[in-house]
Each structure stands twice: as C-alpha cells, then as structure tokens.
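Number of protein chains: 2
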Amino acid sequence: MRRLNNLTNKNNFMTLDKDFKDLEKKLKVSFVNQDLLVNSCVHCSYLNEHPGFYLEHNERLEFLGDAVLELVVTDHLYRNHPDKSEGELTNWRASLVNANILAEIAQGLGIEEFLLLSKGEEKDKNSKARHFILANAMEAVIGAIYLDQGLEVADMFIEENILSRLPHILKHKLYLDPKTRLQEAAQEHLGVTPIYQVLEESGPDHAKVFKVGVYFNDDMVAVGEGTSKQEAQVAAAENACTVKEW
Amino acid sequence: MRRLNNLTNKNNFMTLDKDFKDLEKKLKVSFVNQDLLVNSCVHCSYLNEHPGFYLEHNERLEFLGDAVLELVVTDHLYRNHPDKSEGELTNWRASLVNANILAEIAQGLGIEEFLLLSKGEEKDKNSKARHFILANAMEAVIGAIYLDQGLEVADMFIEENILSRLPHILKHKLYLDPKTRLQEAAQEHLGVTPIYQVLEESGPDHAKVFKVGVYFNDDMVAVGEGTSKQEAQVAAAENACTVKEW
Chain D
4 MRRLNNLTNK
14 NNFMTLDKDF
24 KDLEKKLKVS
34 FVNQDLLVNS
44 CVHCSYLNEH
54 PGFYLEHNER
64 LEFLGDAVLE
74 LVVTDHLYRN
84 HPDKSEGELT
94 NWRASLVNAN
104 ILAEIAQGLG
114 IEEFLLLSKG
124 EEKDKNSKAR
134 HFILANAMEA
144 VIGAIYLDQG
154 LEVADMFIEE
164 NILSRLPHIL
174 KHKLYLDPKT
184 RLQEAAQEHL
194 GVTPIYQVLE
204 ESGPDHAKVF
214 KVGVYFNDDM
224 VAVGEGTSKQ
234 EAQVAAAENA
244 CTVKEW
Chain A
4 MRRLNNLTNK
14 NNFMTLDKDF
24 KDLEKKLKVS
34 FVNQDLLVNS
44 CVHCSYLNEH
54 PGFYLEHNER
64 LEFLGDAVLE
74 LVVTDHLYRN
84 HPDKSEGELT
94 NWRASLVNAN
104 ILAEIAQGLG
114 IEEFLLLSKG
124 EEKDKNSKAR
134 HFILANAMEA
144 VIGAIYLDQG
154 LEVADMFIEE
164 NILSRLPHIL
174 KHKLYLDPKT
184 RLQEAAQEHL
194 GVTPIYQVLE
204 ESGPDHAKVF
214 KVGVYFNDDM
224 VAVGEGTSKQ
234 EAQVAAAENA
244 CTVKEW
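Those protein sequences? They're chains D and A, same order as listed. To convert, take the position in the first sequence, counting from 1, and add 3; that gives my numbering. To convert, take the position in the second sequence, counting from 1, and add 3; that gives my numbering.
Hint data in this document are derived by calculation from the structure and do not stem from the laboratory. Remember, it's a predicted structure, so these values are computed and weren't measured experimentally. Among the clues, some could well be false.
The list cannot tell twin chains apart, which means a pair is met if one copy fits it or any two copies do.
When the alpha-carbon atoms are kept at most 30 Å apart in a straight line, the in silico BS3-like pairs for lysine-lysine are as follows [stated by the list, open to error]:
id, residue 1, residue 2
1, Lys122, Lys87
2, Lys87, Lys131
3, Lys131, Lys214
4, Lys29, Lys128
Please put together the full structure from these sequences, using the hints given.
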C-alpha cells in the first residue's frame, strides 16, 4: 500500500490520509506513475494552503483530459452513427460531455473523497463550486490515464464510464434542453403545452432567487429554482420530466 | 491516375475534372480509401446542385477532424511546455487553431482548387464564406487522414503543417489579441500608447462599415475596416503591427 505519508517541505509537515490504490481499484486502472493520479486530484485551493506540495494543481491535466475526452466521444459518435448529421452529433456530445454528467460520474467513481482541497473548499460540499471541482477532476483523471496508459486505455475507460450513458440519453432525449423535452413529451402524452409561472422572487438584487412553477392546464406539476427566471424554468422543466418519468 | 469521371446518378451526368492524386501529393499522404479525401472537399452547396452525388458533404468529417486537431495540438502543448499554465496553453492553442490560420494553411496546401462547390460559391472567391469553407475543409481533411491512416499519421500531418507555426506565433506574441499586442509593443519600442479614432462611417444601418485609424501621438500608423468599431480597431491594430514589423 502506497500512502503519501510524512511529506515534508519548507512550509508544511503533513500526512495525506488517502490511499490512491483504492482509487485505482475504483477506476479499474493501475498506474505506472501513481503521482499522475494524485496530481489529477489536486485542486488549486489545496496548494494555497500547502505551497510547497510536490505536485502542481490539476488544471493542466484537465486541459489535456478535456481534449482526450472530446476525441474519444467524437470518434465513437462518428463511427457508430453514420446516418446522423454533425449537428445532431454535436448535441449528443454536449449532452454526454458537460459539467453535470462529469461531476455525477466522478461522484459515482468515488473521486470526491480523494480530492485534495483547502479546508474551506473541503467543508463546502453540495455547492456549485464543488460540482465544477468534481467535473474538472474527472477530466484531469482522464488526462492522467491517457498520459500514463495511452489512448487505448483512456478510450476503454471513457467507453465504460461515459459513453455507456448514451443509450439512456437517447432514449429520454436528454440531448434536448429540458423545456423542449418537456414540451414535446407533454404534447405527445397529454396533448398539453406546459406553462411557467413565477411563484416567488426573493433575495437582494445582486443575489435574487426565483421560484417557478410549471403547469399543465391548471395543475402544477413541478417547481424549480434559479438565479434567473430562465434558470428556474429549466429546473422546473427538468423536475417535471423526473416527476412524470419522461 | 484516378479521375472521378463520368459519375452518373439519377439527377446529373457530370465530369469532375479534379485529380485527387495531386492533392495527395500536396498533402504528402497516400490514401487507402481516396473517397475519404474527396469527401473532405465536398461543400454542402455542391450537393444542392448535385443531389445524387455519391458522397455526403464534409461536415461530419469536419466534426471529427476538429476533435483530432484539438487533441494533437493539446497533447503537443502539454508535453512540450511543462512550465506553462493551462491558461497560457489555451491562448496558444486558440492562436494556432482558428479559422484564419486553418484557411491560410488550406490555401497553402492547394486545397482550394479541389473544393467541390456550387456554381455560386465557386465564383465567390475572397469572401468571408470562402474563408470558412476553407477552414472547415482543412479540418475535414484532417478527419479523413485520421480515419484512413490513423492518429499517428494525422499527428505528423498536424505537426508539419500547423504546429510548425507555433515558434512564429510565440515570437510575435500572436496569441495576444492585436490591440493588446500593439499596445505592449508600442510601449516597449516607443513608450507611447496607441489611440484609435473613427475616420468614417458608411453604409446603411444594417450593414455599416467603420474605418478606424490608429495613432501614435499625432501620427496615423495604420487604418482598419470592420462592421463594428471594435472590429475596425482590431483590424487597424493588426495592420499597425504589420507596418511596424512587430
């Protein structure tokens, strides 16, 4: 078992109580250079508190992983869907490769507990910031796999963890924006058009929160919140699709 | 010599007077499936006039080639510049992979004469549209090389034709936007700050053209035109850098 124990540097004496062998098992990838995997979990906030840490933060790996992910997904879509236009494939790709899904996949793989964060960020679970930190770490992990193991292994990893979601996305038309999806489904199943109504506006001007309800005829189906009306409508549409199992 | 002669289809009888062997020589790539190369040169306008043509237009190949180009350039930047942040590398990449440069490279490789265009597009040389058609064809050609020859050959092609421009870009700081570049150079060489002045506004409201001059003290160094003040300023800055050989 390899622990990052007792790392000394000019500023800190620390013990990292994370065993990255466990993360390797979850990812089903065995690294030659395990530091690449550790590196993919280093958020910049961590380096602020540990300025002499022996690795840089994960943004360069994220830059690389993002491009690897893009090619693997694009290649897969191109080859497996010869009858689809680049416009459709672009929508499908966007529905597979976005911060929401990547954060969710990172969470599913247990990456969250391996993140190296500042004490402040550590506490801030369930925030929007954590969401993006997770999505970025997911891309950085892909960058690390690519560097350490090559494109083929990265390809297999992406197929298993990301591309495997495509059938679900296509079945539920998740590549459509939620309002369009809800509108199409409501028309198809019930012959109605969803209507959105603001229920509540709260918070100070610079941090408004809108609460919107979405209605079929006079029945409220779901509500959504957001920092703009549009954001709240999208959230409401998303929730309505979930409630209706569309 | 393989000519696309006497292709018959239900709508057209045509002779394509283009020898794609010549394009292969220019690209220094010999295709197993030459149709992929032909395909990369088919603009959608061509299919409007030749609806029964045996190949689709090049937009799917462009979709693929774009992702190949992105990964190859990103990989190269990541490995060869370990001391640079992802922010700097993102700027560098944007200065290497953009419609202007890709159109220029496509032109340099002689791709223009192999484009399959509608009669209308054929005539419309030097237009903005042609510019994007060329840039897109460049990406489609990269997609075709990748599909036919694999990533390694695509990598070599991109290194030779695109990444080879990086030293020039770095030397002249072309990754900075032209106004910033001019400002930095003017400060460094002359200790002055460029000033922009609108010289002329012409055209109807929906198609205005602005002419802007850029001045060092009271001397006009260059002019630029554009459909907005900002666009004209950028063009003027670009021209000033050329005039001054910065």
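Now the hints, each set against the structure:
1. Proximity of Lys122 and Lys87 under a CA criterion of 30 Å is satisfied inter-copy only: 27 Å between copies versus 47 Å inside one chain copy.
2. In this assembly of identical chains, Lys87 and Lys131 lie within 30 Å of each other by CA distance solely across copies; the values are 28 Å between and 34 Å within a copy.
3. In this homomeric assembly, Lys131 and Lys214 come within 30 Å of each other (Cα to Cα) only inside a single copy, at 18 Å, whereas the closest approach across copies is 45 Å.
4. Proximity of Lys29 to Lys128 under the C-alpha cut-off of 30 Å is restricted to the intra-copy arrangement: shortest distance 21 Å within a copy versus 56 Å between copies.
Of the numbered hints listed earlier, not one is contradicted by the structure.
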